[in-house]
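Novice: Sequence:
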Amino acid sequence: MGRSEPLSRTSEARSRLLATATRIFYTEGIHSVGIDRIVTEAQVTRATLYRHFPGKEELVLSYLDGVDQAIRGQVNGALAEGRPAGESLLAIGRSIAGDIRSPGFRGCAFLNAAAEYPDPAHPAHQAVLAHRQWFLETVTGLLEQAGHTPPEPAGRHFVMLRDGAMAAGCLFDPELIGETFLHGVDGLLRNPAGVRGERGPVADHPLGQGLLHRAERDGGGLDVEEQGQLRAVIGAAGTTLGELGGRRSRRRRAGS
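With my numbering, letter number 191 in the sequence shown gets 191, and the count goes up by one each step, no holes.
Among the hints, erroneous ones may be present.
Unchecked claim - Pairwise CB distance ranges (calculated):
#1 Arg-156 <-> Gly-104: 26 to 34 Å
#2 Ala-130 <-> Gly-34: 42 to 50 Å
#3 Glu-87 <-> Arg-46: 19 to 27 Å
#4 Asn-191 <-> Arg-46: 31 to 39 Å
As the list claims (entries may be wrong) - Lysine to aspartate or glutamate pairs mimicking EDC-like chemistry, simulated, CA-CA at most 20 Å apart:
#5 Lys-56 <-> Asp-119
#6 Lys-56 <-> Asp-36
#7 Lys-56 <-> Glu-87
#8 Lys-56 <-> Asp-68
#9 Lys-56 <-> Glu-28
#10 Lys-56 <-> Glu-41
#11 Lys-56 <-> Glu-144
FYI, nobody ran anything at the bench for these hints, they're computed from the structure.
Heads up, the beta-carbon is just placed ideally off N, CA and C, and yes, glycines get one too.
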């Protein structure tokens, strides 16, 4: 007992430091937060921090590892229930949409970290790449089980849908973005090519329909806010402005 109490206090201090850093890094960014802020809010001394983390970089890597483990836990939870592969992918999609709709959502922690650590050789950037490779391989394997041949393009498509939704979810209506993301995932699973007809998932969504109608009626004129909304829907649906423009041109030619 005499030795377990100090160990318990040590473990508690480390957990408090990591929990504090995780909260602040995610909500405010990594580079904008200094060590003094973390030790103050965690109510520990700098000496205590350096006993557990040699420097800020190690704290950042522990933060990213914690986020990685949390996401792996969500995915493994979806897989553990023994669903068919397609239903597992939908369950993963619902988990992502739930994150987007949750209070305090600030986008993807890994995409945010990649923006702050653009050097591919930096350990934080390497942690981002490792997480993304695991996620890509996981969804690609499930898509292969669900009958997508080859599964690699569909896997990249799923990841692109997720990236677009995560980026847009903290900028626009999270309910709308979550719904649009799930709409895109459903469309991908229904068609091995990931295509849902000429108009596709952007035009299938109510907001997408309204913006496309407005753009076509006014000859492409959308204000800045509407352009941002359309880009959000497009990103979550897994297409691009260029692809969308090509579809509109083909429809106009077909109607002339």
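Novice: Hint by hint, note whether the structure agrees.
Specialist: Okay, the hints, checked on the actual structure:
For Arg-156 paired with Gly-104, a C-beta distance near 29 Å keeps the hint of 26 to 34 Å intact. The hinted window of 42 to 50 Å between Ala-130 and Gly-34 is violated, with their beta carbons roughly 27 Å apart. Distance hint check: the CB atoms of Glu-87 and Arg-46 are about 49 Å apart, inconsistent with the given range 19 to 27 Å. Our hint of 31 to 39 Å for Asn-191 and Arg-46 is violated, since their Cβ atoms are close to 56 Å apart.
As the CA atoms of Lys-56 and Asp-119 are separated by approximately 17 Å, the hinted pair is consistent with the 20 Å bound. Distance restraint check for Lys-56 and Asp-36: the Cα-Cα separation of roughly 11 Å lies within the 20 Å cut-off, and the hinted pair is therefore satisfied. For the given pair, Lys-56 sits about 40 Å from Glu-87 by alpha-carbon distance, which is inconsistent with the 20 Å threshold. Taking the CA atoms of Lys-56 and Asp-68, the gap is near 18 Å; set against the 20 Å cutoff, the hint holds.
Taking the CA atoms of Lys-56 and Glu-28, the gap is about 15 Å. The hint holds against a cut of 20 Å. Pair hint Lys-56 plus Glu-41 holds up; C-alpha atoms about 15 Å apart against a cutoff of 20 Å. A hinted pair counts as satisfied when its Cα atoms are at most 20 Å apart, and Lys-56 with Glu-144 does not qualify at roughly 40 Å.
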